[in-house]
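Can you build the whole structure from these sequences, using the hints too?
Quick mapping for you: the protein sequence lines, in order, are chains A and B.
Residue numbering for the first sequence follows the working numbering, starting at 25 and increasing by one per position.
Residue numbering for the second sequence follows the working numbering, starting at 7 and increasing by one per position.
A couple of the hints might just be wrong.
[To be verified] The calculated DSBU-like cross-link candidates involving lysine-lysine, where the alpha carbons are at most 30 Å apart (straight line), are: (1) B:K63 x A:K26; (2) B:K17 x B:K63; (3) A:K26 x A:K66; (4) A:K103 x B:K20; (5) A:K103 x B:K63; (6) A:K69 x B:K63; (7) A:K69 x B:K17.
Calculated directly from the structure, the hints in this document are not laboratory data.
This one's a predicted model, so the numbers in the text were calculated from it and none came from an experiment.
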Amino acid sequence: RKEVEQDPGPFNVPEGATVAFNCTYSNSASQSFFWYRQDCRKEPKLLMSVYSSGNEDGRFTAQLNRASQYISLLIRDSKLSDSATYLCVVNEAGRRALTFGSGTRLQVQP
Amino acid sequence: GAGVSQSPRYKVAKRGQDVALRCDPISGHVSLFWYQQALGQGPEFLTYFQNEAQLDKSGLPSDRFFAERPEGSVSTLKIQRTQQEDSAVYLCASSSRQEGNSPLHFGNGTRLTVT
Chain A
25 RKEVEQDPGP FNVPEGATVA FNCTYSNSAS QSFFWYRQDC RKEPKLLMSV YSSGNEDGRF
85 TAQLNRASQY ISLLIRDSKL SDSATYLCVV NEAGRRALTF GSGTRLQVQP
Chain B
7 GAGVSQSPRY KVAKRGQDVA LRCDPISGHV SLFWYQQALG QGPEFLTYFQ NEAQLDKSGL
67 PSDRFFAERP EGSVSTLKIQ RTQQEDSAVY LCASSSRQEG NSPLHFGNGT RLTVT
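This is the structure:
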């Protein structure tokens, strides 16, 4: 079983739609959580950290459920420019390396 | 250029050749990581440096893979006797802090194709 699991998609949604991705992680000792965004043939870039109380950054909302070991990302009012792969990322306690999921591909259509 | 710089951008190697991939991290960043990303997959951790010390090499897939960062800045990932399964994008990332929750700044990678 992979340490971080995501639905690969693709999620095809119209502009303006709300879309949500979930991610599950296997190590209950995981401490830090992130969403990264990766455009086609580009490097991953940090989208947002995920805090225990949930957090929002504009149209993006991230939530963490430690009991069920899952993380979610909600995107409201989707834009064409949101089309990308969204990578769920976890950091285990005592370990410096980040563990990436395989990503969920989002395609926003006009 | 304030970002992480990697070279070459593309490398084609014949099976059995040795390759060396270079990473210039952001100036002053103490933490440096190498990741391998196969097509359609997320980045897989290879190794981590804190300054010149290689603190974690648990992700290196075989003893054909070797990384160094002798002066705590530029790093080189070397792959000996390349195999077709080594074909992937090799990503370097750096971070200004040692904590696990500090964001990674990635370079745009070296795409290695082994024929």
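query = Are the Cα positions of B:K63 and A:K26 separated by 30 Å at most?
reply = 19 Å, holds
ask   = A:K69 and B:K17: Cα distance at most 30 Å?
value = Holds: A:K69 and B:K17 sit about 23 Å apart, inside 30 Å.
query = For the pair supplied as a hint, B:K17 and B:K63, is the alpha-carbon distance within the 30 Å limit?
reply = Given that 30 Å is the threshold and the Cα spacing comes to 23 Å, the pair holds.
message = Checking one constraint from the list: CA of A:K69 to CA of B:K63, max 30 Å. Satisfied?
response = Given that 30 Å is the threshold and the Cα spacing comes to 23 Å, the pair holds.
message = Next pair to validate is A:K26 with A:K66; report whether the Cα-Cα distance is within 30 Å.
response = Roughly 24 Å separates the two Cα atoms, so the pair holds.
request  = Assess, step by step, whether the Cα of A:K103 is no farther than 30 Å from the Cα of B:K63, and give holds or violated.
outcome  = 40 Å, violated
Restraint status (C-alpha distance of A:K103 to B:K20 at most 30 Å) = 43 Å, violated
Hint check: violations occur at hints 4, 5; the rest are consistent with the structure.
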